Amino acid sequence: MSMSDVYYKTVNQTTSVLLFVQGVKDAAYGEMASVNLDDGRQIIGQVLDSRDGMAIVQSFGETRGVDLENTKVRFTGETARLAVSTDMLGRVFDGMGRPRDGGTPIHSGDRIDITGSAINPYSREEPSEFIQTGISTIDGMNTLVRGQKLPIFSGSGLPHNRVAAQIARQAKILTSSEGFSVVFAGIGINSEEVNFFRKEFEETGALDRSVLFLNLSSEPSMERIILPRLALTTAEHLAYEENMHVLVIMTDMTNYCEALREISAAREEVPGRRGYPGYMYTDLSTIYERAGKIHNRKGSITQIPILTMPGDDITHPIPDLTGYITEGQVVLSRELHRRGIYPNVDVLLSLSRLMDKGIGPGRTREDHKGVSNQLFSSYATGKELRSLIEIVGEEALSASDKRQLHFADSFEAKFVNQDYYEDRDIAETLDIGWELFSMLDKTEAKRVKDEHIAKYGKWDANGTIQH
Amino acid sequence: MSGRIQRVSGPVVVAVDLENAQMYDVVKVGNEGLVGEIIRLDSGKAIIQVYEDTTGIRPGEPVENTGSQLSVVLGPGLIGSIYDGIQRPLDKIKAISGDFIARGVNVEPVDTKKKWDFIPTAKKGAKVKPGDILGEIQETSLIKHKVLVPFGISGTLDRLDGGEFTIEDVIGYVKGDDGKKKELKLSQKWPVRIPRPVKAKLPPEIPLITGQRVVDTLFPVAKGGTAAVPGPFGSGKTVIQHQLAKWSDTEIVVYVGCGERGNEMTDILTEFPQLKDPKTGKPLMDRTILIANTSNMPVAAREASIYTGITLAEYYRDMGYNVALMADSTSRWAEALREISGRLEEMPGEEGYPAYLGRKVAEFYERAGRVTVLNDETGSITAIGAVSPPGGDTSEPVSQNTLRVTRVFWALDASLANRRHFPSINWLNSYSLYIDELKNWYIQKVNKEWTEMYQKSMSVLQKEAEINEIVQLVGYDALPEEEKMTLDIAKVIREDYLQQNAYDEVDTFTSMRKQYLMMKSIMNLYEKEKAAVGRGVLVEQLLKTDAKQKIARMKYVKEDQMDSYFKDTSKAINDLDMIVVQAK
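Residue numbers (the working numbering), protein chains in the order written: chain A, 383 to 849; chain B, 3 to 586.
Derived from the structure by calculation, the hints contain no laboratory data.
Since we're looking at a predicted model, the values are computed, not measured.
Backbone N, C-alpha and C fix where the C-beta goes; we use that ideal spot for every residue, glycine too.
Be aware that a few hints might be false.
[To be verified] In the BS3-like style, the derived pairs of lysine-lysine whose C-alpha atoms are separated by at most 30 Å in a straight line are:
1. 824/A - 546/B
2. 465/B - 828/A
3. 177/B - 191/B
4. 824/A - 486/B
5. 522/B - 831/A
[What the hints assert, rightly or not] Stretch by stretch, here's where chain B covers chain A in the computed footprint (C-beta under 8 Å, at least three residues):
6. 405-414
7. 432-443
8. 503-515
9. 653-663
10. 696-703
11. 728-741
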């Protein structure tokens with residue numbers, strides 16, 4: 383395009399994020415621009431608003447050094463694109479897709495628009511293949527399936543990175559031997575977190591089948607808007623063109639939303655809740671909805687976004703809007719963490735909406751649904767009783783209530799709690815459930831079917847505990 | 003002569019030099035011809051909201067005015083379709099653009115090649131007016147499509163042919179009073195933002211039977227009524243909407259997936275063709291129209307999807323059918339309004355929503371109702387809207403504006419959902435303002451005891467909440483036996499009646515007859531336990547009776563085995579009389 387050779391020296395207004403370029407006639411909405419400073423620095427920007435005679439450019443780097451006399455803006459003639467190919471496996475890129483591992487830039491492969499297009503619901507295939515993560519609280523009660531988007535809702539200081547790394551290490555499909563490729567999007571995380579994941583991927587040998595995109599907390603926050611889209615464009619290529627099963631880990635989505643708010647404020651938009659822009663739901667959906675499976679294509683994209691809930695508040699706009707888009711959530715509990723329980727999954731607040739599609743005979747085991755329901759129900763009752771005994775004391779409880787109360791304690795100690803390197807298969811997880819049920823009276827196990835009690839139950843003939 | 007683009011900012015485009023521009027005209031924007039709608043005119047400029055992604059569009063590109071308003075095509079072939087927000091069939095988009103939705107795709111809403119067997123019922127020489135029935139087409143195994151005289155045409159039926167026609171063929175003529183002849187076709191167009199006229203609104207007096215016990219028994223919605231389902235994420239809004247779409251006893255279901263998950267729409271797409279209508283045994287898809295504008299599809303089309311859906315519903319209502327419209331979620335629609343309003347730099351109202359949000363919500367629900375249509379048949383639209391309040395807090399504008407106009411409120415409760423009590427409709431906070439109007443129907447069609455049973459069960463649940471507050475202070479053991487018994491019955495109502503498993507083959511749908519037998523058994527149990535406690539029997543002795551086991555299993559008993567099972571259960575309940583008083 384001819385206009386890519388034209389340099390505009392007509393910036394007449396600039397803010398920390400925006401440049402107003404005069405005299406531009408036909409910049410495309412969403413077109414990429416390069417802002418060239420007098421000192422030779424180059425910042426990448428994107429057209430947010432294009433008018434006959436003016437373009438507003440959002441910059442992805444700091445606008446320090448921009449002046450109104452010498453700064454030159456060049457429009458590239460194309461929207462944001464990324465060259466994608468399998469050469470990217472094993473590589474590390476920054477928030478704009480430039481190599482940050484000292485290697486050469488990727489030139490091979492098609493240049494794909496990073497915005498992505500919506501998958502036609504008609505083409506989607508329902509995710510239904512059980513992913514065994516080896517973590518009992520997820521496999522047993524909040525089952526992940528291939529093509530799902532299941533975020534981890536965490537809080538600052540909680541071990542969400544370890545949980546994510548453990549999932550990435552252990553995730554497998556029981557019916558096939560193919561592993562997952564990992565696309566990792568580190569959004570505004572610190573270098574210790576980066577080192578943790580790198581070491582983790584190196585040790586498990588996953589690095590060769592991984593692509594890492596990293597924007598550190600010290601780097602321009604605006605790049606955080608682009609980064610998840612680069613990661614997902616890469617993931618889509620690997621999944622739908624190269625037939626890979628891709629696990630996308632994005633951390634920390636809270637930093638993404640903060641960057642979104644920062645730009646929105648700079649654009650002087652009408653703020654929605656807590657200053658986040660009104661379109662944040664739509665914006666987040668264009669990220670999360672890029673998970674899935676497509677008919678007649680072999681690969682899949684499974685997303686595990688991680689976010690830290692500001693003030694551990696699940697009603698905060700970031701977790702709230704995320705929960706409305708994703709297919710469930712795994713919520714980490716500060717209370718369990720304090721008590722030394724790992725992984726500190728709060729099963730009652732967690733949910734996998736696609737669980738029912740992925741479990742049962744032929745997928746996991748026929749008693750899976752019943753065991754899961756029984757665990758939920760008994761643990762919920764036990765937890766309620768815990769707050770009750772603080773007032774009335776344990777003595778005031780009926781015998782049945784006492785059993786439920788102790789059930790909740792054992793559930794946390796035996797079912798929830800497991801080692802960082804402990805990879806439990808699904809049968810093991812369900813059997814722990816049955817072992818816990820034997821603490822209850824047989825008639826209290828209403829959610830499990832009689833035939834499953836006969837097959838898997840660990841009660842003796844009198845219905846009392848058998849060990 | 004076409005106009006040209008002067009400004010592009012997201013879904014809002016400003017065009018100049020557009021001739022004959024009128025408000026709400028549909029325009030084709032840019033070289034790719036993206037669909038847009040004029041939403042404001044300002045001294046030579048037309049402000050357009052574009053229904054497709056505008057990335058890459060430049061000032062200077064052409065804008066073409068189609069001269070017509072945003073309309074839907076109404077005719078045979080709608081049922082069983084799945085559309086985007088502006089009535090483009092997703093299967094045809096797929097055929098053109100592949101697995102990912104490209105923009106600028108131009109497809110016909112209904113098949114123009116397919117021939118339909120049209121059987122005329124109107125006679126030549128008859129006086130006809132808009133809305134009159136010209137004849138019938140067997141559209142699907144379940145639906146007889148009635149071909150209506152379009153609006154703007156009245157006079158004498160000059161000619162009407164039967165036989166095989168496409169929707170574009172001329173099937174006859176009407177000679178107007180001015181002597182001019184007008185063509186009749188199997189299809190017509192209607193602008194989505196204008197309600198189709200009706201003769202009269204009728205009072206709601208027939209319930210929409212949904213097969214969901216908590217809805218039909220405690221919080222029923224009338225045919226032609228309006229209901230709101232607000233709830234935080236994970237509380238089961240979508241599952242309830244799906245259940246209603248599956249099992250409601252209306253002839254037609256229009257399901258609008260508005261700004262929600264792609265996989266959920268796929269779920270409906272794969273599941274509905276396999277599900278059978280409980281009454282007729284025919285596939286449910288044969289009575290369903292789906293509109294799927296997922297969250298990542300363009301935001302302006304999301305705004306339109308609600309109107310597209312209700313216009314299709316009105317069309318079938320005008321044939322004399324009962325239609326149920328589910329909108330999931332109206333909050334996403336309101337957010338689309340907010341987003342476009344923000345781009346237009348309008349003065350925001352509460353939480354950034356435009357000041358006209360309340361009016362728009364009210365206008366939408368006002369299009370529901372049980373009515374006498376223009377041809378004197380009776381039809382209805384029941385509108386059920388999901389609301390997704392941020393943080394589950396219903397004090398926000400969308401929930402509040404919705405609750406002001408809807409008459410049923412199913413309050414979904416996160417704490418019930420966390421305990422896996424589904425459907426998680428909170429029985430203390432929810433309400434139905436139709437109870438009184440529907441009372442006669444229940445008494446006549448279900449049982450004369452119905453109202454009494456309803457009141458009794460509600461009061462047990464209310465009582466339970468009160469007693470639980472006392473338990474928090476003094477503990478369960480300190481309660482008098484009578485109150486322990488009330489807690490026991492409340493538990494039976496909650497667990498064995500209100501809880502319903504959408505994924506269980508039998509439990510997913512309960513007929514009114516079965517609902518009555520179940521409730522009757524629980525009420526019998528209540529009476530017998532009351533009597534037993536009166537005799538001095540301890541509640542402890544009553545906790546694990548055979549009668550209770552039977553009631554707990556009742557939801558899984560097939561409809562045709564209910565009568566004998568009910569008898570067995572009654573016998574077991576009567577055995578409670580034989581429990582001997584134990585010394586305390």
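How the hints compare with the structure:
1. 824/A - 546/B: 12 Å, holds
2. 465/B - 828/A: Holds - the C-alpha atoms of residue 828/A and residue 465/B are around 25 Å apart, at most 30 Å.
3. 177/B - 191/B: 20 Å, holds
4. 824/A - 486/B: 22 Å, holds
5. 522/B - 831/A: Holds, because 26 Å separates the two Cα atoms, which is no more than 30 Å.
6. 405-414: Since three or more residues must qualify, the claim that chain B covers the stretch 405-414 of chain A holds, with 7 doing so at under 8 Å.
7. 432-443: Coverage by chain B holds here, the residue count being 3 at a Cβ distance below 8 Å.
8. 503-515: Answer holds; 7 residues pass the 8 Å Cβ test.
9. 653-663: This one holds; 6 residues, not fewer than the three required, reach chain B with a Cβ under 8 Å.
10. 696-703: With 6 residues in contact (Cβ-Cβ under 8 Å with chain B), the coverage given for the stretch 696-703 of chain A holds.
11. 728-741: Held - the stretch 728-741 of chain A has 6 residues with a Cβ nearer than 8 Å to chain B, which meets the minimum of three.
When held up to the earlier numbered hints, the structure conflicts with none and fits them all.
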